[in-house]
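On the provided structure of chain A, position chain B as indicated by the hints.
Next come the chains, spelled out residue by residue.
2 protein chains.
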Amino acid sequence: MELRIDRQAMVPVVQQIVDGMIDWIARNGVPPSTRLPSVRQIARCNLLNQSCVVQACERLVAQGILASRPGTGFMVAALPGAGSRRLEPATIASTVAGPGRGGLPGKLNLGGGGLPESWRESDDLSYAIGQVARTDMSSLFSYSSPLGLPALREQIVKRLRLVNVQADAEQILTTGGATHALDLIVRTLLKAGDSVVVESPGYAPLFDLLRLHGVHLLEVRRTPNGPDTDALASLLEQFQPVAVFINSHHQNPTGSCLSLAVAQQVLKLCKAFDVRLIEDDVYADLHNGNGTRLAALDDRVIYVGSFSKTLSSSLRVGFLLADQELINRLARVKMICSLGTSSFNEAVLASLLASGAYRKLVSRQRQRLNIDRAAALQALEDADWEVFGKPCGGLFIWARAPVTDPVRLRRQAHGSDVSLAMAQTFSPSGEASDWQRINVAYACDPRARQFFRSTRVDRPQAF
Amino acid sequence: MELRIDRQAMVPVVQQIVDGMIDWIARNGVPPSTRLPSVRQIARCNLLNQSCVVQACERLVAQGILASRPGTGFMVAALPGAGSRRLEPATIASTVAGPGRGGLPGKLNLGGGGLPESWRESDDLSYAIGQVARTDMSSLFSYSSPLGLPALREQIVKRLRLVNVQADAEQILTTGGATHALDLIVRTLLKAGDSVVVESPGYAPLFDLLRLHGVHLLEVRRTPNGPDTDALASLLEQFQPVAVFINSHHQNPTGSCLSLAVAQQVLKLCKAFDVRLIEDDVYADLHNGNGTRLAALDDRVIYVGSFSKTLSSSLRVGFLLADQELINRLARVKMICSLGTSSFNEAVLASLLASGAYRKLVSRQRQRLNIDRAAALQALEDADWEVFGKPCGGLFIWARAPVTDPVRLRRQAHGSDVSLAMAQTFSPSGEASDWQRINVAYACDPRARQFFRSTRVDRPQAF
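If you're matching them up, the sequences are chains A and B in order. Count the first sequence with this note's numbering and you get residues 1 to 463, in order. Count the second sequence with this note's numbering and you get residues 1001 to 1463, in order.
Be aware that one or more of the hints could be misleading.
Covered by chain B, according to a simulated footprint, are these stretches of chain A (three or more residues, beta-carbon under 8 Å) [what the hints assert, rightly or not]:
| # | region |
| --- | --- |
| 1 | 112-126 |
| 2 | 133-139 |
| 3 | 222-230 |
By construction, these hints were calculated from the structure, which means they are not laboratory data. Beta carbons are placed, not taken as given, at the ideal position from N, Cα and C, and that holds for glycine.
Only chain A is shown next, with the shape it has when bound in the complex (with noise of 0.2 Å):
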């Protein structure tokens, strides 16, 4: 069995393992119940130690593609309602990734929120995870402080410096995801019957929340280089609302980054009319350079970050800062309504960021994007489809295909296996949209590429 393992690349040694094997698999039709090849064999004809192929080996386990007999070592499973076919790596890939969040299940998530489960990095998340349960058993078992832990605040005012957001650890909550933050905010600054702008497109489950609260939307459009300053001034002007909520980069769902002139606009505006302003950045660290943050421009801003987007999902770990008494009145409502975030999981994000290895796991994603961002402009280029703002960095490219009928654009998805995300979700009224969020890291698999293609005029495909 032969790997190919690229000891140079960016994805790490045991998913290049996990991969090779599926690939392996799938190209030579290995049917299920076949024994594989000893770890011990496997490991020296591709040079690889025997501990990182057992790693795989118990990954896939875990993901129903082999099964482990004692003593007999690893055999190819059978999957789950494939009967005896020949196991495609798409396939496989997507009977791992699951259906994904708001994805169709076996289809590609072309329109997902998030990195496919096969992007994320395991090796140093696991390690630290080992680490701290072995040696802290203070996170490992005790509510967390109310601010949450120290030694995660410490490294979460490290990496804002690196945008120019100057923070004291103690302006610093911990909260369990970017929308536990807007949560907190929101319960902690807004009553029922208050009015606050969100930008349209945006992101859908603030929306929820704020509409949970009994808080009135007003919509201000996203263009490109951030929100429409007119239109933003007539509304603060207009309706007096207590707050703005603005997404600055790598905006959900338009990819589109705030420029420095709009950044200024913004902020005298809300300046000018004594409005809260709340910097929703949880795509930060997909961003290619420093970039604008409203935070670091003005420190009455209310900054929400994540780790959601890149190490983890599952882990639950965010943060927001603010001004020293708004955090202390802000940790009062986290610490009564959930006694506290998880310390464990803080402490295995505290480590991950003291090492360097989140640091080093974002410059990879970083640079898988960019090759996959460029690929998918250029093929939607190919297909004619419109794009607002070429994004520079970040997950989403908003799109506008050639013909925008809904009907035939679903008719063509569903013909290529791919699953779109609801247009009108990201308006705040849930008006109807011809643009589409396009997830940059599903853009490169074929069954995008043929969705693209038969979405040409030139070229209609049948179906």
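Just chain B, lined up with the frame of chain A:
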């Protein structure tokens, strides 16, 4: 270094090595920077596995009691602030355990709400965490489903059956601990201005949570058999509250359990007045035997459980049980406010429940608590304290000193290095009380014994 390991003991071997080494350092007054015998020597002379000794040493390094120098093995670390004074086991134990939730640094947290960190057991938990981290990629990375990890919900259904509560997995919603479960209930069922009935004395964080939501609290006196049902009847009649919150077993702070007669009367009243009944049963697993559950008698009861009191307060895993329609509403609120709970932490719990390790853990904790509770009750009797309904399980004894002057009692506690809980926090209206919450797990510490003795009237201590 002879460690006196007892292979039949309830405490896991690695924890015994940790305790034994602390004891050895303290007993022999071993000064900082002293090199320990080699791991091999320690293992051989105590008939131990070397890896257990290494694990124990690593924990002691993490706790700052040992230091590790590459090539030279382990040595005794300098205790911060301890200078060269001889280390007492109790001093080290409290350094390791930290101040504890609500306790004072360096004091015995006799009024504390949870198990001491030294009672927690890490072996099975660390192992399960490592296993999930190495093999369950989906739990490591992905957002959870709205109801929470199916494997965990199925295990919870099985455990509930042991206390005669029948449920489907689709009626279980996982939460980030019991307080988060209560928060979801409050957000979903109550609105500002509503009235609810709570027990007095009762669980302080619930009062804060209800007040944060603008809900009005009606107090019903807690008797040793549950809420005072006559008082409850008159509150229901007079104020038409929306819900009643009852802590059924080993209530916090009184340690008392609901009797069958009171449970039936409460259910009858809630049915007659069409009031939602919420059963908080977070001490369920510290109960000897089955006992009476409201949710076992009536399937309209909303039931709240947690693993924070037994396994870990850090993982933040709890759950609630309700009818299908309400569970779906609660799940929606859960997703909107946090995008769900941590699949990783839930997978760890599911694994410990499935393997039986959790069942064995709580059985050991119950045995240990039974021994310490009997001793604590004897110590209180010897010191002429009055005990509120002798508890038959759980963590707490609610008791009153023979002389209840609060200033005198605080002075006596201070003189014995003991920290007490503020009794008025258990009253919804913040009323002062002569009663003290005594945490059984701390009550056998020499400092607690000294404190009890010091409160005796016939033999006053000099301070």
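task = Kindly indicate which numbered hints from before are broken by the structure, ordering the numbers from low to high.
result = Going through the list in order, the structure violates hint 3 alone and respects the others.
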